[in-house]
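Place chain B on chain A using the hints.
Which chain is which? The protein sequence lines are A and B, in order. According to our numbering, the first sequence is numbered sequentially starting from 51. According to our numbering, the second sequence is numbered sequentially starting from 52.
If you're looking for bench data, these hints aren't it; they were derived computationally from the structure. It should be emphasised that the depicted structure is a prediction, and the values quoted were computed from it without experimental measurement. One should not assume that every hint holds.
[As the list claims (entries may be wrong)] Okay, derived cross-link-like pairs now, SDA-like style, lysine to any residue, Cα gap no bigger than 20 Å in a straight line: (1) B:171 x A:144; (2) A:395 x B:76; (3) B:171 x A:79; (4) B:171 x A:95.
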Amino acid sequence: MTTRGIAFVSHETIPPSPPPGLSLGPVAWIRANLFSSISNSVMTIVGLAVVFHVLSAVIPWLFLGSIWNAGSLTECRSIDTGACLAVINERKWQFFFGFYPAEERWRPFAAFILMFAAIFPVLFSGASRKLLVFSVIYPGLAYWLIWGGSIWGPVMVFAGPGVGFAVWRYGGRAAGSVMDVNVAGMLAMVAGALVTIIWWLFLVEPLDDLVTGIVDIGLEPVQSARIGGFLLSLIIGVSGIAASFPIGVCLALARRSNLLIIRALSVGFIEFIRGVPLITLLFVASVLLQYFLPPSTEFDLILRVVIMVTAFASAYMAEVIRGGLAALPKGQYEAADALGLDYWKSMRLIILPQALKISIPGIVNTFIGLFKDTTLVSVIGLLDPVGIINPIRADQNWNGIVWELYGFIALFFFIFCFSMSRYSQYLERKLQTGHR
Amino acid sequence: MTSISEAPEQQFRIGMLIYDTRYRSYTIQIIALMAFMLAAAWLINNAIVNLAVLGKTFSFGFLSQPASYDINQRLIDYTSRDTHARAALVGILNTLLVAVLGCLTATVIGTIAGVLRLSKNWLIARIMTVYVEAFRNVPVLIWILIVVAVINESLPVPRDYCRTPEQLDCLNPVLGSFVFTNRGFYMPIPVFQDAALAVGIAFVLSVAAIVWFRRYARAKQEATGQILPVFRISLAIFFLPSILVYFVAGMPIGLEYPKLQGFNFQGGIYARDSLIGLWLALSIYTGAFVAENVRAGIQAVSKGQTEAAFALGIRPNRTMNLVILPQALRVIIPPLISQYLNLTKNSSLAIAVGYMDVTGTLGGITLNQTGKEMECILLLMAFYLAASLSISAVMNWYNERVKLRER
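This is chain A alone, in the form it adopts within the complex:
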């Protein structure tokens, strides 16, 4: 028997050999992702053919042979065969502002810029709370900028809730000294609401006239019929979105309330609105709404449309938020009750922040849907981008032009809606606080 030591020990590590040529790098990637099997290869080839076909039609048309400066379609065609983008160049102001007076275009533009200042404190929680004051007064400011007229009209409208609040606060205190505090509080609240309504109905106009007579601060008034283009889409979309959110929250809470009548009213409203197409509601706005208002009330068409669009969006918003409320574990509701919070406190502090977070994707989808649906107002004759097309195509110079116009509008909506959906995905990730 012989003892044998270890025959061989390597003194240095063997250098790693490079991976086989076909398992790394672009070739391997192409093999794995495009040609992994026969059916996959066929699909890849078909896909490449489709992409090539589309690009070879679009790129020369849009980039190589496009014409930006021409006076008419025939002139375009005589220059080159590509896209006649001259029409967009010539009509760009109509696309953006409709028939808004040229020298006043800075006003809607300023309103648009200020909109970002107004939504900044809403979207980003890091911003100062004081900025929210600007968000509150922004609607009045934007209205004044776009429609013009005396500044005192919007100021007086905004003063209404202020006066009502003062009545509630100080009237309640004064009455509390002579009677039961609780009863006084209740009476003061009713009085405050009544004062606000009376102020709006009867006092806004005379006060507006009065103060305008003393200090006239105003802009050139612009009629609604002249407002159009993307400006109109944004007016309807943004005001619908802003107004439908709080209404939607209220409707969702009402639908989940255990008060029978409140719930029934909410369900009836939501199901009715969701059951009919938006276009019928727009018909209501254009031909029916004035029947339901006091005789000889003159109501602006854009305002009527905004009201109906808001009602439409609130119903959808309510359903989305209701989904969020239902998805919240029951323990959250019970914990809020156990802490002794009353209904509104528990909703405001515990339930809604979580429920709204869950429903963010749905809320943003509703916003996107609403924004896309603003194109429907062209059916009742408003001059939104789709409505602007008809006068352009009726123009002798541009008769027969199609793709450039539709493509331009489609691109505009795509940019807006796509960035909104990306923002919602970002928000969803940012607000993801675990539980996984």
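Same frame as chain A, now just chain B:
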């Protein structure tokens, strides 16, 4: 010594209506109801006053008056001498036609796109992503206008159809019997002779036989474990007897082909450009949404389910049919049905391209001719509400049926 004393009798004070939770809910509800009724009364009163001022009455009598306008796409007989009610019915049928067709194609397109979006093939997955994002983020009205424009601009006028040499399809015996022009599509219409009844009976009988055979196969599988080739046999029962009877009875079903007469085609089934455009646009648009639902549904079934089925020795096909699909469908179907609902409501955009659906007849021409805005819009809303509520009822029934029974 202590004694339990009765709780002091509380006197009812008016403040308790708002501060005592026992009474507060009643207060709130009564106030809400009163406010609602007041608002409703105010609106109705305004409407009555306004109608009186304009000298209008609220009645549905106009429905029985002659409509005196033409509808160029219809499923039932209609002339301009027929009543407004019949015009509305034609419109309703047109709405249902485009809605049903659209739902079918949207499902097919959406399923294919949704599955392909999950494909391992990078290029195909990207193309499908582009499709879904492009269609979801652009308004449906614009897509409808674009598709109708494609039909109107790129297809030949009927007079020139099959005159140009590049249209080789015209010589094809199958494709050639279809006519695609910018005024619409024409396709052959089946013409039934008397003996066609026999074919119909044979067809109905074979469908009944398929149902019976499926039950038999299932019972047999449950009793003995033996699996019959159900699909192939069903297919055979579906086609063979009817075809046999068709030839035995002397080919009683013929086809009437569209023929060019003057400037237009006559005969066959005629679908206007607006119908085709609306149908295609709605299908492709809704298909993008369906694709997202399908993708979410498939991703919702965890991979463990597939692996467990394989571990049990179930074959891939059966795994798909018996394990994956039933679970994915539970996630897919509810949003799918609400997409159907959206499609039905979006079909009201027909008015933008001149397709005479119920919005175009009842809410369009009838409304403008008679001036009965309130009645027309009420009827229009009632129709759409009825349609939506019945679709939701189906959805609720389905949800109830497939709900997970948890203990």
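Report task. Enumerate the violated hints, using their earlier numbering and listing them in ascending order. Result -> 1
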